[in-house]
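Enquirer: In the working numbering, the protein residues as written are 2 to 199.
Just so you know, these hints were derived from the structure itself, not from any lab.
Since we're looking at a predicted model, the values are computed, not measured.
Do not take every clue at face value.
Derived pair list, reagent style DSS-like, types lysine-lysine, alpha-carbon separation capped at 27 Å [claimed, not checked]: (1) K84 to K72; (2) K124 to K72; (3) K124 to K157.
Cβ pair distances, simulated, as ranges [as the list claims (entries may be wrong)]: (4) S89 to A113: 35 to 45 Å; (5) L63 to E140: 23 to 33 Å; (6) I155 to S87: 30 to 40 Å; (7) G152 to L101: 32 to 42 Å; (8) A115 to L189: 25 to 35 Å.
Yeah, the Cβ is synthetic: ideal placement off N, Cα and C, and Gly gets one too.
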Amino acid sequence: SDISVFVAEYKESDGRPSLNPGLQRHSWTDTELIYVYSSKEQIKNTNQERGTPMPFEKRINLVTLGVSDLKEATAFYERLGWKRSSASSEAITFIALDGLVLGLFPRDELAADAGIGAPERPKGFSGITLAHNVRSEAEVDQMLAFAATCGATITKQAEKVFWGGYSGYFADPDGHLWEVAFNPLAPLDDEGRMQLPD
Numbered sequence: 002s003d004i005s006v007f008v009a010e011y012k013e014s015d016g017r018p019s020l021n022p023g024l025q026r027h028s029w030t031d032t033e034l035i036y037v038y039s040s041k042e043q044i045k046n047t048n049q050e051r052g053t054p055m056p057f058e059k060r061i062n063l064v065t066l067g068v069s070d071l072k073e074a075t076a077f078y079e080r081l082g083w084k085r086s087s088a089s090s091e092a093i094t095f096i097a098l099d100g101l102v103l104g105l106f107p108r109d110e111l112a113a114d115a116g117i118g119a120p121e122r123p124k125g126f127s128g129i130t131l132a133h134n135v136r137s138e139a140e141v142d143q144m145l146a147f148a149a150t151c152g153a154t155i156t157k158q159a160e161k162v163f164w165g166g167y168s169g170y171f172a173d174p175d176g177h178l179w180e181v182a183f184n185p186l187a188p189l190d191d192e193g194r195m196q197l198p199d
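Construct the entire structure; sequences and hints are all you get.
Expert: Spelled out as structure tokens, the structure:
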């Protein structure tokens, strides 16, 4: 099982496996791993005997956009006011956002990293959008206007929408779509996080 493999690797590494920072200790049984962090919070990942994989934690750490020109794409997002991290290199750009990292990586290399072919830049809708929510309709208009001055293409002017909010869209230089939205049904907290009902 995955647990027995982990235990074997742990023993082979002389008790020093590569684990998350802050981990004080951990233990195992035949069906679960138990992690104890310095915050005294206990985290238990269960692996059922029937082979059910351990569940994903409810988070997204990194969103990577495939780009045709890394320098141009990086410059665009810097014009938006986002700072390129010192962890970046000539091969990839990292931008630390609140609670998430945005990556910019050459499109063909990103496809190769994922083990798929990289056709020419797709035309039309790619099937995914990103969103930046704000606190008022006026702020939606302001952000779209600012994005346009940074080199974005406005694909949809802001308007009241069917779900009760107000939003518009722009495309970055590679065609990645961003929605700028005011959503009164999921207001932002003081740290800019969407507050969804239970």
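Enquirer: Please name the hints from earlier in the document that this structure breaks, with their numbers sorted from lowest to highest.
Expert: 4 and 7
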